[in-house]
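**Student:** In case you want the letters, here they are:
Number of protein chains: 2
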Amino acid sequence: MTVTEIAAQAKAASLKLAGLSTQDKNKALEKMAEAIEANEARILSANKKDLEYAQAENISKALLARLALNAAKVKSMAQGIRSVSRLADPVGREKSVTELDEGLILHHVTCPIGVIGAIFESRPDAVPQISSLCLKSGNAVILKGGTEAQHTNKVIVSLLASAAGEVAGVPETAIQMIETRAEVAEMLDQDRYINLVVPRGSNAFVRYIQETTKIPVLGHSEGICNAYIDEDVDIDMAVRVVLDSKLQYPAACNALENLLIHRDIAEKVLPLLVDKFKEQEVELVGCANTCQLAPGIQKADDSEWDTEYNDLKLAVKVVADMGEAIEFINLHGSGHTDTILTRDKERAEMFLNEVDSSSVIWNASTRFADGFRYGLGAEIGISTNKTHARGPVGLEGLVIYKYKLTGKGQIAGDYSGDGAKEFTHKPIAPGKGRSEPA
Amino acid sequence: MTVTEIAAQAKAASLKLAGLSTQDKNKALEKMAEAIEANEARILSANKKDLEYAQAENISKALLARLALNAAKVKSMAQGIRSVSRLADPVGREKSVTELDEGLILHHVTCPIGVIGAIFESRPDAVPQISSLCLKSGNAVILKGGTEAQHTNKVIVSLLASAAGEVAGVPETAIQMIETRAEVAEMLDQDRYINLVVPRGSNAFVRYIQETTKIPVLGHSEGICNAYIDEDVDIDMAVRVVLDSKLQYPAACNALENLLIHRDIAEKVLPLLVDKFKEQEVELVGCANTCQLAPGIQKADDSEWDTEYNDLKLAVKVVADMGEAIEFINLHGSGHTDTILTRDKERAEMFLNEVDSSSVIWNASTRFADGFRYGLGAEIGISTNKTHARGPVGLEGLVIYKYKLTGKGQIAGDYSGDGAKEFTHKPIAPGKGRSEPA
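First to last, the sequence lines map onto chains A and B.
Residue numbers for the first sequence follow the working numbering, beginning at 182 and rising by one.
Residue numbers for the second sequence follow the working numbering, beginning at 182 and rising by one.
I should point out that these hints are in silico values taken from the structure, not numbers from a laboratory.
Watch out, some of these pointers could steer you wrong.
If chains are identical, the list can't say which one is meant, so a pair holds when it fits in one copy or spans any two.
Claimed, not checked - Each computed BS3-like pair below joins lysine-lysine, with the alpha-carbon atoms no more than 27 Å apart: (1) K395 with K325; (2) K602 with K208; (3) K526 with K607; (4) K602 with K242; (5) K256 with K602; (6) K395 with K229; (7) K526 with K197.
Produce the entire structure from the sequences given, and follow the hints as far as they go.
**Tutor:** Now the structure itself:
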């Protein structure tokens, strides 16, 4: 099948999925979880093939670890699907209801987006996760995983698709897969059928997707996160939060890359931080003032303020005031996550309002910016877009809305010209949305 | 100034606007309304220049009528600004508040998008309308109006910008303007600074914008709207609604272009419609069955099902059932507005769920799909996008959200590994949002 055919099938499937009840979607999710559990042996044997191939290709240990499945991981895939099933249905929620006139009622209701193209790295557990989020939100999905995991992904996709298809009304084509890079390029051309592309992977890869396709892209290429230590601050707290932001998982997109310090507190806080970071083998680079205050720190070159290290390295800058810090962050940050450490409530509020990032934090670690920690239940990705969905994105980012207007034969002509009827525009309390399964 | 400089200034202005109180924004809007009223003579004299030029260029009467201002139109511009001022502030609304743990509170809060690029046709009253919507939603705007209205627009923009700038904290650069086509092309390249482009104009123009820029575009190129007459229907009602959908304003994007009729009712309803449409000088084209049932109707060629006539012409097709109608609409419609005329509640619900359009209507005219009629207060445009904002778009489509997390020094490390603290993820009732002015 060509990618265009796959995409057209996905579009057709999405129109069916849009009308499904919560109950039927949850039934399909349960079937999917059961299919994973019942076919553990098949999944592990496909995974073994991928691992052998990967070892022969000499891929890195880190990648191998992410690729490798075992019984526990397969079980947790099934649990992940069931946890998505327990989330509230994001579709059919009434955002508002308005009486336009007697018997002419406007329902502003959430609905699925349509077809999602999901492109991700080698972890095979992304397959059930993304598939279940898309199905719960009534979207069809076309998956493209890492080549290293191809055998594993293929088995999992076919299990999920046919399990979902066992429920009446759910097309098997709700979950499909493509395999080659050439197919990805073709997929990015399917703006007629595909409504949203969700890429997860390296910065360069995500940027390539963003620059290549006309389809809206939900994702982030860079995570250049910043912390600002204000002059009026609990120094111990600031040091603890900065260390955690950098060190709790340096390879994460919400890890700290630039540290800004108010000049009136720099002399006190910088030596403490330098010692702690040295203990943790973090390389520091800094502005001229930083180097003067903490001899031995390498001077940062200009490009470093725009660099995502994803590693044990941090750039430090002394600033004259919070205004300079905000300006720096809005210029050099990537709009991902930034934190201010201060006792001053007013300045904190100004920082939270004026820093133009999806997550802005006062007195806590940047590492909290994550779908699980934010309580979203499950995460399809993190977005640095300024439209549609921003920050950690859960089911809510996979729906849009439509207007459903129900009347009794009203015509617009009666509301215009001489003797025009007037609209009442009376808000009505929205319903509770789709009934959840008993 | 180059367009890049204008865009950079707009970006800087947007960061200030994001922090403004509702009160200050409304103060700026009142100043803007007053400036328009106080400078009626200046506006009309600039408009006279545009009109003289337009007459010399022999532009159409319709265009001239839209271009021409008078005292009443200037007054209604000021009133329009005041009516936007009275709308609820879309910024700072808490969508949800979650306690992640004791003293670690996540606020999911609406915020402005940033910088809007607005490109529109010759009506100068679009300038105060778009400017006030952007200011109220905390966005900076760069306007490009029709060349015919250049003198008028220039005076209005400069009045609005300096009036807004009189309020402390509101930068004059919140409202800026560009003038030439070359500048539009440059503006579409400013994806670094501009977050959303809102084009209003001809289909070809909007499509050009959509295909040219990497910036998200809010708009619609085509309005191919459909009506389906079900077999179980009040025929008088159906005829009335179909006539209104086509005729109440045929040039509008929500006017009817394709009419689908269930075959079991076609014999009854088609002759009635043919007579009525003949009276109104509407040209009908149809499928083979239509032509057979109503001799004298021209056969439609295949391209006509995908054509937006915007004129006194309509394509008619007899279908076997609602399934065929839905399939036809999802294939040939433009996802704008579609109506079903039926007594059958179950089929109506299926139609409303499965037709993939921003407005889906049961027993009422397609002409109701409009920001004013929907009660949105004011409309920035109509969107056929599947992400961000869909259908008639008011202030709500000009905001996005950010996550504000406030803590007491919490670090992520405490919530992972051995002895990890657990998140409480307790929902808290959201606040009422920004206080409205006294």
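**Student:** Evaluate each hint against the coordinates.
**Tutor:** Do the hints match the structure? See the list:
no.: 1; hint: K395 with K325; in the structure: both (18 Å within a copy, 24 Å between copies)
no.: 2; hint: K602 with K208; in the structure: neither (47 Å within a copy, 34 Å between copies)
no.: 3; hint: K526 with K607; in the structure: between (39 Å within a copy, 24 Å between copies)
no.: 4; hint: K602 with K242; in the structure: neither (72 Å within a copy, 30 Å between copies)
no.: 5; hint: K256 with K602; in the structure: between (62 Å within a copy, 24 Å between copies)
no.: 6; hint: K395 with K229; in the structure: neither (38 Å within a copy, 42 Å between copies)
no.: 7; hint: K526 with K197; in the structure: between (50 Å within a copy, 19 Å between copies)
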